[in-house]
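Here the protein sequences line up with chains A and B, keeping their order.
To convert, note that position 131 of the first sequence is 148 in our numbering; the numbers rise steadily by one, no gaps.
To convert, note that position 83 of the second sequence is 85 in our numbering; the numbers rise steadily by one, no gaps.
FYI, nobody ran anything at the bench for these hints, they're computed from the structure.
We treat Cβ as the ideally placed atom computed from N, Cα and C, and that holds for glycine.
Worth double-checking, as some hints may not be accurate.
[Claimed, not checked] Taking beta-carbon pairs under 7 Å as the criterion, some of the chain B residues facing chain A (in silico): (1) Gly97; (2) Val111; (3) Cys142; (4) Val143; (5) Gly164; (6) Arg166; (7) Val168; (8) Val169; (9) Cys171; (10) Thr173; (11) Ala213; (12) Met214; (13) Ile231; (14) Val238.
[Unchecked claim] Partial list, derived from the structure: chain A residues whose beta carbon lies under 8 Å from chain B: (15) Asp309; (16) Ile317; (17) Ala318.
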Amino acid sequence: MSNIVVIAEVRAGQLKRPSLEAITAALQLASATSGRVTAIACGSGLDAACAELGKGGAHRVIAIDGAAFANFSGDAWAKAITAQVKGLSAAAVLMAHTAMGKDLLPRVSALLDCGIVTDAIAVSWKDGAFTAQKPVFAGKATLTVRAAKAPFCATLRPNTYAPASGGSGAEITKVTPEAGEFLAVVREVVAAGAGKTPLQEAKVVVSGGRGLKEPANFKLVEDLAAAFGPGVAAVGASRAVVDAGWRPHSEQVGQTGKVVSPPLYIAIGISGAIQHLAGMRTARTIVAINKDADAPIFKIADYGIVGDVFEIVPALTKAIAEVVKHK
Amino acid sequence: MDIVVCIKRVPATDTAIKIAADGKSIDTAGVQFELNAYDEFALEQALRIKEQLGAGSVTVVTIGSKEAQKELRDALARGADKAVLLTTEQWIHDGASTAAALATWIKSVPCQLVLCGRQAVDSDNNQLPSNLAARLGFGCVTEVAKLALENGVFTAERDIEGAREVVSCKTPAVISCHKGLNQPRYANLKGIMAAKKKPFEEKAAQLGAPAMQIVSLTLPAARAAGRIIGQGAEAVPALIAALRNEAKVL
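From just these sequences and the hints, can you work out the full model?
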């Protein structure tokens, strides 16, 4: 019997969707060995999130819930979580590979003195050992590793597993966190610009590169993204234009930027350096518009148009706006 | 403040990856190596903090093969005071044993601040900084895009999904650095000459028992070949039709 623990992420009382994806992975691992899934959540005001974890299929939820944990502290939360995990005879501890997951789970793994794999895209048992696959070299290769001992920790790449549903409610245990000393603690959370779709959550990513010739011409890219309607598309950029200071680093797609895999990726004036391809090669459909018919981007694009981006992109924006209007 | 900067020698980001005959590592023939891009921000930040305080030391450390001497020398030339190479011949992928080996060494030297890149662009783990912090009992902020130090307390800003967090962190601390934190300096001739006289220490890394084994390293499936729809704006209607009817993404 292998019990699995999921550390759930709750922000402002809201359970984050990637935590339900981790429940799905945990249920698969647990059911293979008739184990139980326990979710552990930290924060303040966790009742709704606990109920949702139960509906997702967690058998048990431990809520470390109280004013002392109103703000995220990697050190304090890891200590409280580890104390709970130790009583659960867990074979594996999972969390989503989010900003919080990347910070928190490695700390928990150190306190448990166990191994960890991060950004996993598949987890399973192989000959009784916890086994995981993860992209390395920004997705240019896939690494498969197996745990040398239990327990083992893994963060899971968001959008890899479907979010869990169909549970019948969990047994909920409440624990009050101690008002201890924080080494590091969040003081403030500032929301990003309203109406901006996060690059990694967007259904469409429209990216621009050097072929746009100057920063002001990124308006073409922004207009095309806007044509898909509110909340659908995000703007990306190649490393070349980020390094040139045309666009903020938060928009960079590629090996030293973000890795995205949207249903639709449109590359405008991007030649397709290996660095860039690594960040978008898993998009479902790739469209490239470039004046150079020999540009490497056309080798991985599903559809390409060769020619002047200043002529093609406005025409495409108009056509997309028409399609969206009649939907 | 005594600062330790953890760096890693990695294949250049424009490398086309080929798998070695063992099926578990990359074929390094013809591969160019370089200092991990994010570690450049960590080193630069260390040098700036030392300049701000007007005192202290910057030590660069890596775990790796003898070839990593080159990246350590480069760090010395940029302004670090001392370099330490913890040697091993294996490809370091196991985050737990890497963190354990670094923690063992850091505990043996004076250190109030550890700076790292947010992740190494070979194994893409993004787990070392907070793992190390837990083993050292230090505070930690990861993926920092803005950092200030006042009266021994750091104020760090980091991007999270759809928002930015402002974090207070006491010293001693581990801070992992994201692109955009600063503009790294390069070595000049004076720095390169000075680096030759700086202390350079080599000793075996104490990696301990591995927490995991590599089963395989494989290439992802290639994408199916696409097609050029046409030339210029006249090709737009055909593209729209393909996106609607074939790809079904509109």
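Going down the list of hints, with the structure as the test:
1. Gly97: holds (5 Å)
2. Val111: Where the cut-off is 7 Å and the nearest Cβ of chain A is about 20 Å from B/Val111, the hint is violated.
3. Cys142: Because about 6 Å separates B/Cys142 from the closest Cβ in chain A, which is inside the 7 Å limit, the hint holds.
4. Val143: holds (6 Å)
5. Gly164: holds (5 Å)
6. Arg166: holds (5 Å)
7. Val168: holds (4 Å)
8. Val169: holds (5 Å)
9. Cys171: Since chain A brings a Cβ to about 4 Å from B/Cys171, closer than 7 Å, the hint holds.
10. Thr173: violated (9 Å)
11. Ala213: holds (3 Å)
12. Met214: B/Met214 check passes; min Cβ-Cβ to chain A is 5 Å, inside 7 Å.
13. Ile231: holds (5 Å)
14. Val238: holds (5 Å)
15. Asp309: Cβ of A/Asp309 sits 12 Å from chain B, so the hint is violated.
16. Ile317: holds (5 Å)
17. Ala318: holds (5 Å)
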